[in-house]
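Visitor: Generate the whole structure from the sequences, applying the supplied hints.
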Amino acid sequence: MLSKNLEKREHFLSIKEDNLTWKAKMILLFCGAVIGIINGFFGGGGGMICVPILQNVLHLEDKYSHATAIAIIFPISFISAVIYLLSGTLETIPLVTVGSGVVIGGIIGSFLLKWLPPKAIKVIFAIIMLLGGIRLII
Amino acid sequence: MIYFLYVLAGIASGIFGGLGMGGGTLLIPILTIFFNFDQKLSQGINLLSFLVMALFSLYIHHKNGYVVTKHIFYIIIPGVLFSILGAFLMSLTSSKILKIIFGVFLIILAIIEFVKVFKKDKKKVKAKKKR
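For the protein sequence lines, the chains are A and B, in the order given. Take 1 as the starting number for the first sequence in my numbering and just add one per residue. Take 1001 as the starting number for the second sequence in my numbering and just add one per residue.
One or more hints might be untrue.
[To be verified] Derived lysine-lysine pairs resembling DSS-like cross-links, with alpha carbons at most 30 Å apart:
1) B/Lys1096 x A/Lys23
2) A/Lys119 x B/Lys1122
3) B/Lys1096 x A/Lys114
4) A/Lys63 x B/Lys1063
5) A/Lys63 x A/Lys119
6) A/Lys63 x A/Lys122
7) A/Lys25 x B/Lys1116
8) B/Lys1120 x B/Lys1070
9) A/Lys63 x B/Lys1070
10) A/Lys63 x A/Lys23
11) B/Lys1119 x B/Lys1070
12) A/Lys122 x B/Lys1122
13) B/Lys1096 x A/Lys63
14) A/Lys63 x B/Lys1116
15) A/Lys23 x B/Lys1119
16) A/Lys122 x B/Lys1070
17) B/Lys1096 x A/Lys119
18) A/Lys25 x B/Lys1070
19) A/Lys122 x B/Lys1119
20) A/Lys25 x A/Lys63
21) B/Lys1070 x B/Lys1116
22) A/Lys63 x B/Lys1122
23) B/Lys1096 x A/Lys122
24) A/Lys63 x B/Lys1120
25) B/Lys1096 x A/Lys25
26) A/Lys25 x B/Lys1119
27) A/Lys63 x A/Lys114
28) B/Lys1120 x A/Lys23
Hints are computed from structural coordinates only; laboratory data are not their basis. Quick caveat, the model's predicted, so the values are computed rather than measured.
Guide: What follows is the structure in structure tokens.
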């Protein structure tokens, strides 16, 4: 299983810049625009759309697509963060307390990527999102 | 005490964020629903704490060799441009409406996630049958 993954990665890395088809480029550009609008509008969530695109268009394995999604969302979030700051929607104490927690959790999560969470956690995560979404609408 | 809970909520969603699983989609509803934050405040906090967190997690992922840089600019360039538009649209929308739209967005994401898990199961069953 592992050797298969490595093979795929090597296969991906051997693709030259020009070898990406015209259609694939257009799909990536379009998806980039969608990710940008959503991430700017909601202040997050772009990564969740980015992961399946990386998997299906660039054929990245799970771990690579999750890590690369963060690299893609970073500059996108940076620009919208500037606008959020300028529009004055932020408060210092919640930002610092929640933010420090996120940083600690983020470091823990990054080390855990080697053991990407099993499907059960993904399902629980989806259920939480569903309930949260319903609660927000009501 | 409440600050402790803030940090805890941050850690929980940070773990998912570092995994690239969508920490924001967890943090924003937690802050808005349980701590009664204004939707825009939740979103702004998520955005800024993600940026700091991403620096650390990208460093770790890069060291592990998980970050692929080829072709990603096709996504980043339109993404950056359109994120400006998205953030401006946010500033024009009231928190109340934003909350509802975000709720719909979460439900759609949850459904997609369910479908994905279900599909993978089907593939596995097929592969087993072939063997």
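Visitor: Mind listing which of the numbered hints don't hold for this structure, in increasing order?
Guide: 1, 3, 13, 17, 25
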